[in-house]
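With the hints as extra help, turn the sequences into a complete structure.
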Amino acid sequence: MNSVRRIARCFTGTPEILTWRKVVTLQQWFSPSCRCRSSDSQKSSSSSSPGQQCCVAVVGSGPAGFYTAQQLLKGDHNLIVDIYEKLPVPFGLVRFGVAPDHPEVKNVIHTFTNTAKNERCNFFGNVEVGRDVSLKDLRDAYSAVILCYGASANRTLGIPGEDLPNVISARSFVGWYNGVPQDKELQVNLDCESAVVLGHGNVALDVARILLTPVSILEKTDISEHALKALHRSQVSKVHVVGRRGPLQVAFTIKELREMIKLPGTQTVIRREDVEGLDKVIDDLPRPRRRLTELLYKTAVAPSSTDTRLWEQATKEWRLVFLRSPVQILHDNNGSVSGVEFAVNKLQGKPSQFQKAVTTDLRETIKCGLVLSSIGYRSVPLDSSLPFDSKNGIIDNENSRVRNEQGLYCAGWVGKGPVGVILGTMTDAFETGKLVLHDLHSGHLKIPERMKRDQLINQIKDKAVTFTDWQRIDCAEMAAGEKLGKPREKITDIQTLLNVARRS
Amino acid sequence: MAAIRLAFTPLLPSLVRQVSRSPILSQMSWSKLLVCSSLMRENRFCSSVPKPQHQKVKVIFLLSDGRRQEVNAKVGDNLLDVITENDIDIDGFGACEGTLACSTCHLIFKQEDYDKIPDKPTDEELDMLDLAYGLTDTSRLGCQVIVTKDMDGLEISVPKGVADARSPQS
Chain A
173 MNSVRRIARC
183 FTGTPEILTW
193 RKVVTLQQWF
203 SPSCRCRSSD
213 SQKSSSSSSP
223 GQQCCVAVVG
233 SGPAGFYTAQ
243 QLLKGDHNLI
253 VDIYEKLPVP
263 FGLVRFGVAP
273 DHPEVKNVIH
283 TFTNTAKNER
293 CNFFGNVEVG
303 RDVSLKDLRD
313 AYSAVILCYG
323 ASANRTLGIP
333 GEDLPNVISA
343 RSFVGWYNGV
353 PQDKELQVNL
363 DCESAVVLGH
373 GNVALDVARI
383 LLTPVSILEK
393 TDISEHALKA
403 LHRSQVSKVH
413 VVGRRGPLQV
423 AFTIKELREM
433 IKLPGTQTVI
443 RREDVEGLDK
453 VIDDLPRPRR
463 RLTELLYKTA
473 VAPSSTDTRL
483 WEQATKEWRL
493 VFLRSPVQIL
503 HDNNGSVSGV
513 EFAVNKLQGK
523 PSQFQKAVTT
533 DLRETIKCGL
543 VLSSIGYRSV
553 PLDSSLPFDS
563 KNGIIDNENS
573 RVRNEQGLYC
583 AGWVGKGPVG
593 VILGTMTDAF
603 ETGKLVLHDL
613 HSGHLKIPER
623 MKRDQLINQI
633 KDKAVTFTDW
643 QRIDCAEMAA
653 GEKLGKPREK
663 ITDIQTLLNV
673 ARRS
Chain B
2 MAAIRLAFTP
12 LLPSLVRQVS
22 RSPILSQMSW
32 SKLLVCSSLM
42 RENRFCSSVP
52 KPQHQKVKVI
62 FLLSDGRRQE
72 VNAKVGDNLL
82 DVITENDIDI
92 DGFGACEGTL
102 ACSTCHLIFK
112 QEDYDKIPDK
122 PTDEELDMLD
132 LAYGLTDTSR
142 LGCQVIVTKD
152 MDGLEISVPK
162 GVADARSPQS
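Chains as they are written, first to last, in this note's numbering: chain A, 173 to 676; chain B, 2 to 171.
Hints listed in this document are in silico derivations from the structure and should not be mistaken for laboratory results. Please read all numbers here as calculations on a predicted model, not as lab measurements. Positions of the beta carbon are idealized from the N, C-alpha and C atoms, including for glycine. A couple of the hints might just be wrong.
Derived lysine to aspartate or glutamate pairs resembling EDC-like cross-links, with alpha carbons at most 16 Å apart [to be verified]:
hint	chain 1	residue 1	chain 2	residue 2
1	A	K246	B	D92
2	A	K246	B	D124
3	A	K434	B	E125
4	A	K470	B	D124
5	A	K434	B	D90
6	A	K246	B	D88
Here are a few chain A residues that face chain B, going by a calculated C-beta distance under 8 Å [what the hints assert, rightly or not]:
hint	residue
7	E276
8	T283
9	F424
10	T425
11	K427
12	V453
13	V591
14	V593
If you only want the chain B side, here are some residues facing chain A, beta carbon under 7 Å, derived [what the hints assert, rightly or not]:
hint	residue
15	E98
16	T100
17	A102
18	D128
19	D131
20	L132
21	G135
Below, the structure is given as structure tokens:
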């Protein structure tokens, strides 16, 4: 199957490079002959001449960026959309966030690739807004700027011991096994039996699953080779996934939970007392929460015979631990993590998704040699002039319009907060795209002289990685993966990425 | 299609190569081919008896913007295939390409039609449906519903995304 994909991709890739090389030279871009060669089926509307073409900029090339671009290109057949990306490679969290054992989710890349190949869409990788170009430059040159740069920081615990070695943010850990350039050197010591994952979201389950999945499965994915080697030597056999609140408040989704319960060689442990009484409230819950709670309850109280048979052969286990807030991370005389001290919480209010946790005087320690903190992401302001809601870690916006800033929009996590699956981001991006088009078509946005945008691109063209350049990286990575029996081996060094991109 | 799936699975890479050169089939998107091959891998839609080719039924999609699209659906195809093959334009539909990793091909049936669908939803399908906007008791994922000859005249609603409620007023 993987070989089919590889063949398919190479076939789509090669003719592109040969026949449709998008060169960052303005004359070529706008020459009619270049357009005729484009494989894209969308036609520019004949009503306006190229002189009237509006240009918009999208900052970030993850799902929010690409889905926004898709909507913009579809809704106005005369609009030019330039996508700016800090890294030399596109696709954001689809490449760097989605777990390597979830390749199906990455199928969205096919749609993104179609968008990028639209003759009115330009990808500028390796261009950081705020460093290589300023937000002001963009706003001066484009009718609209849509910020889609996600949530690049993580919430911190704010407890003693957080800075110890082997206390790692799940974000960095995910980056480490997914080949994020800045995380490739992360020091991860898996020479311990027990690990604690703090948080009850999908990222927490992702990192727990990667720690426990047999290497024989992981080695067939696009997991980075350095992480695979470390996981091969891993001694971790017990993972505690710990949350502040109870089973009715977990943030992970049922698919991820079911995957954990069915994980080969790993037993699921959910304490019966933690789910007691849930059977009485299950029927009143909305369906998604009801099914999730039912699965938690059944797994704790009456697991299926298939599950128990599977667990009999298990050599590892994961425990879902509720009602615990970390107070401090403990260490031994050598400064190595030895455990996490937790405050025991209780829930206030009637059983519901919205109950609050209150800390009691009780304390409890879980021994471990590795702590992965997965308590949420936050965005950072790209520019000091950007209205920013520091409390929630998002751009201050009203329905995707950045507050009091005409022509400036945001989509995806940077505006809505780092929650939800791709579907939520997709919907938000489509709506933001429609909103921008509405504002543009109703004359609410300025139309800067085209020259300004062209000059800006001239400034960055030597540095920028185009989509054609990316396709060269793509082919190189797939070829490297093939040698290892993987669908892809990501290049994790920025300079190497740039070298491969520029190889003609 | 089923016959092709059964007969050519081992020869798939060469099939893919040939298809890439075929002017007729080249219009079929690569993602489409990949979906077919992933379905083949999982053997989900292969029956032991090859279905007669070209048997088609009429299926009507009621889109969220009020459009009503009547299409010919091949018996044996799933409803995601039907929507893709008939170029019905629905934003974001089938994002994961039929691999049960999203809920973007969410469709809503009338109760009596829902009850007649031969393949009942698996836990995995229900898990993904749980993330769909506007979930109903008669919701299914299009990629998991196979067209049968009894479906002639079937009317299926394509639900709105939740954020559609946000109108672009300034």
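For each hint, the structure was consulted:
1. Taking the CA atoms of K246 of chain A and D92 of chain B, the gap is near 10 Å; set against the 16 Å cutoff, the hint holds.
2. In summary, the hint linking K246 of chain A to D124 of chain B is not supported, as the alpha carbons are separated by about 35 Å, beyond the 16 Å threshold.
3. As the CA atoms of K434 of chain A and E125 of chain B are separated by approximately 12 Å, the hinted pair is consistent with the 16 Å bound.
4. Our distance criterion of 16 Å between C-alpha atoms is met by K470 of chain A and D124 of chain B, whose separation comes to about 14 Å.
5. For the suggested pair K434 of chain A and D90 of chain B, the alpha carbons sit about 37 Å apart, so the restraint of at most 16 Å is broken.
6. Of the pairs offered as hints, the one joining K246 of chain A and D88 of chain B holds, with about 15 Å between alpha carbons and a cut-off of 16 Å not exceeded.
7. The criterion of a C-beta within 8 Å of any C-beta in chain B is met by E276 of chain A, whose closest approach is roughly 4 Å, and the hint holds.
8. Hint status for T283 of chain A relative to chain B: holds, with the closest Cβ pair at about 7 Å, below 8 Å.
9. For F424 of chain A, the suggested interface contact is broken, since its CB lies about 12 Å from the closest CB of chain B, more than 8 Å.
10. Below 8 Å, beta-carbon pairs count as interface contacts, and T425 of chain A has one with chain B at about 6 Å; its hint therefore holds.
11. For K427 of chain A, the interface hint holds, since its Cβ comes within 8 Å of a Cβ in chain B; the closest pair sits about 4 Å apart.
12. The restraint placing V453 of chain A at the interface with chain B is violated, with a minimum CB-CB distance near 18 Å, outside the 8 Å limit.
13. Hint status for V591 of chain A: violated, given a least beta-carbon distance of 12 Å to chain B, over 8 Å.
14. Interface restraint check for V593 of chain A: the shortest CB-CB distance to chain B comes to about 6 Å, inside 8 Å, so the restraint holds.
15. With 7 Å as the threshold, the beta carbon of E98 of chain B comes within range of chain A, its nearest partner Cβ sitting at about 4 Å, so the hint holds.
16. A least Cβ separation of about 4 Å between T100 of chain B and chain A falls short of the 7 Å threshold, and the interface hint therefore holds.
17. Interface restraint check: A102 of chain B against chain A, minimum CB-CB distance 4 Å, threshold 7 Å, status holds.
18. A cut of 7 Å between beta carbons decides the hint on D128 of chain B: the least distance to chain A is about 4 Å, and the hint holds.
19. The interface hint given for D131 of chain B is met, as the beta carbon of that residue sits about 4 Å from the closest beta carbon of chain A, less than 7 Å.
20. Taking 7 Å as the C-beta cut-off, the interface hint given for L132 of chain B holds, the closest approach to chain A being about 6 Å.
21. For G135 of chain B, the interface hint is violated, since its Cβ never comes within 7 Å of a Cβ in chain A; the closest pair sits about 11 Å apart.
Hint compliance for this structure: hints 2, 5, 9, 12, 13 and 21 are broken, all remaining hints hold.
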